[in-house]
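Student: From these two lone chains plus the hints, build me the complex, please.
As given, the protein sequences belong to chains A and B, one line each in that order.
Numbering of the first sequence is given in this note's numbering, commencing with residue 206 and proceeding in unit increments.
Numbering of the second sequence is given in this note's numbering, commencing with residue 319 and proceeding in unit increments.
If you're looking for bench data, these hints aren't it; they were derived computationally from the structure.
Keep in mind that this is a model prediction, so the values were computed, not measured.
Any given hint could turn out to be false.
Claimed, not checked - Below 30 Å or equal to it, Euclidean Cα-Cα: the simulated BS3-like pairs (lysine-lysine) are:
(1) Lys555/B - Lys367/B
(2) Lys387/A - Lys555/B
(3) Lys376/B - Lys387/A
(4) Lys376/B - Lys407/B
(5) Lys367/B - Lys414/B
(6) Lys552/B - Lys414/B
(7) Lys407/B - Lys367/B
(8) Lys376/B - Lys555/B
(9) Lys367/B - Lys387/A
(10) Lys552/B - Lys407/B
(11) Lys552/B - Lys367/B
(12) Lys552/B - Lys387/A
Single-letter residue listing:
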Amino acid sequence: MREYGVAELDSLLTAVRDSLSSPSPARERGPGGEGPGEGTLYLVASTSHLAEGWRERVPRFELGADPGSPLEAVVRESARALGFPLVWETPAAVIPLPSGWEARARPAARFAALHLPVRHFDPYSVVLRLVARGDEPDYQAALAYLRHGWVELVRLETLLGELLPRFTSATLAQDPAEFRRKFRGLRQLRASVA
Amino acid sequence: MTDVQAHGATRRVEIAGDIARYVEAGSATREFPIRELPEQFIQWQLDYKRRIYDAISKDEYIAFNAGHLPVVGTLSGEDQAVFPNLANKGVGFTPKDEHIEHYVTLVEDAVEQIQALPPHAVDQTRELRVRAAREFYAHPEHIDWRRLGLLEIFEGETYRNLMRRPFASVLWTGNSPVFVSYQVDCVVEIIATDHPRYRFSWAMRRLFEYEPFHVVQTMFPYAYTFWVTGWHDKTPKRRYK
Chain A
206 MREYGVAELD SLLTAVRDSL SSPSPARERG PGGEGPGEGT LYLVASTSHL AEGWRERVPR
266 FELGADPGSP LEAVVRESAR ALGFPLVWET PAAVIPLPSG WEARARPAAR FAALHLPVRH
326 FDPYSVVLRL VARGDEPDYQ AALAYLRHGW VELVRLETLL GELLPRFTSA TLAQDPAEFR
386 RKFRGLRQLR ASVA
Chain B
319 MTDVQAHGAT RRVEIAGDIA RYVEAGSATR EFPIRELPEQ FIQWQLDYKR RIYDAISKDE
379 YIAFNAGHLP VVGTLSGEDQ AVFPNLANKG VGFTPKDEHI EHYVTLVEDA VEQIQALPPH
439 AVDQTRELRV RAAREFYAHP EHIDWRRLGL LEIFEGETYR NLMRRPFASV LWTGNSPVFV
499 SYQVDCVVEI IATDHPRYRF SWAMRRLFEY EPFHVVQTMF PYAYTFWVTG WHDKTPKRRY
559 K
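Here chain B stands alone, though its shape is the one from the complex (with noise of 0.2 Å):
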């Protein structure tokens, strides 16, 4: 975790065993229990991820990919502030503690040979990349469901506002016809570049940072964990007989 100050307070997020502690100034103010994703979540994730690889190793047109970029919102915690920051965020998974040393070895030896090799070269590495993300997602009892792992980018409002405020709002929308849809309500914890979890978010960014769908990026200051602490179904439903 990382101490962060503002308005002349250190602030933190600790985590022991399912509660998320929120520690101000040295005290603990609140505790947050940590939950697990709804199975019908993960199995939407899992799924949306199965054919999102599909489509890679395809070579196909991905016109969005709404299992990984959910709308990220976040409060500044001033007086002034009414309205929320909202942001489309990538938002991926973590193994669990006890299998993080692997995957990371994993995902980081495949980078390091698509490395080996020049950043266009995607149609070469194209099945080793696809390969080594299928492996951590062919293992669900192997993931974490009760956190989320994202890269912080621009160090712009979502970022500033969780240096002052560790909580976040996570809303995806699913496609047409279902429009799966689920809020999922988080604290957050920010980790630095030597995290194994940092190290595991950053490798599999880098499986596909050369895919058109993703904005070349060369730097992530830091990685968040995101632990789950509540979850609402949005998905709609008929209402009326």
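Pulled out of the complex, with its shape left as it was, chain A reads as follows (with noise of 0.2 Å):
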């Protein structure tokens, strides 16, 4: 059993920026540090946190990408070089994201000076995921975001209403009657703390 703090993460995203960075017609970046197709790299829940500074050590990378990008190929390979645990999902794969939620993406600022586009999925649409998988550790994570102000509950619960609507039953993760008992959970819990 061992974690990983910031030291490691800022490993990984040099090791991503330097395999983009070879030599290849096809990579030519962006003023945003982008390479044709890629996309935009984010960090996810506890890696956010780690990011930020919330949080001294992870036990595993979670980082995302929009479906399809190249970005996971590399990042995948980085992380397997380098030794290090890594968990390759956005809120996306698991939820209907709530709308604006590209817009409430957050810069990582820890990441400018590496020129590569990586910034902090949008708090809101990944509190949401926490709460539909709701294991310890992801009520934990939610709190740290409703801590740090990066969520306010009210938006929270307008965003959710919005939502709901668009949620299945046909997989457990978003079954809506469960996804409330949970929502509840996190709010008497966000209450025990205050």
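Tutor: Have a look at this one:
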């Protein structure tokens, strides 16, 4: 059992940057650091918190990009080479995303010097995804977003109200009744530590 | 390990690599493979401890320390006894053998500094105490997740049962809304006060002796090493879709 700190996250993203910078005629970088068709590399949940200094260690790195992005192969290979555990997933793989999610993605200032298109995935989408899974670390990660003011409960509930009709009970992760129960758990937990 | 006398027979637990051997009257009667705790449980423990240390450092009220106070079940082994004995016990973890001297020194040094001040000076020493404890749990790779560390206080029913029958099950139950729950089955080694694992557990206890969530104790006649031989994830899950 080991955990990983921000120094290891730096190493991983540096390795990704180096790999993307290796000579390739198809990889001319844009002004935001992005190559053609690569899109944005997203930090998700506890990995965002690590980058922001909210927590010191994580058991694995949680990253993602748009479906089909070539970033996936590069990040996976870099993590494998460095021996870091990686979960490659964004909330979009599990729940419908609330409107405006792209605009709510936040810059990851820590990695600006890398000239990589790295952002924090929309915190509201991430919290909804965490609640959908509802394991103990998920609630703690959701609370961290609330505690640091990246997510406001009132706005979260508004977005959830828009989103629930799009949930389907065909998958357990999106069962609206189950989701409401878990969401109440988050509200109560928030109230107990406020 | 400590030999114990029960019903005229000498009983002991021996650890050889990844095997816990129960020896009675000089010959091994049963062997148990030692296993490491599951990663999900370890992560829950680490996160829980960090939250507790955050709360201690802010001098916040701690209603219950579920990660540290599981229920320990033991059996007396006597024919007439049909019910297990259950008791909440403070349970922690100990460093791997190759790291234990380092951490014993780290925590005992902190205790020594604390003892230079009067016991009621908990506010002045809080940062030092929390820092020492955090340092240990900041390196999960230095922790031996195959064993638990407990201190004996009362020499009551649990102690008497373990003297006769050195096996115990431990049940943790976390808080709402998830109620993380694990049962861990263990072979129990009783260790004396000069053992590094006793010293480590005792020093860790003394870091937080005067916090409100502890009832102050001065004597711990033994420590236990609970060697993990099995575990079960009992966290409630939705059964039907």
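Student: For which of the previously enumerated hints does the structure constitute a violation, in increasing order of number?
Tutor: 8
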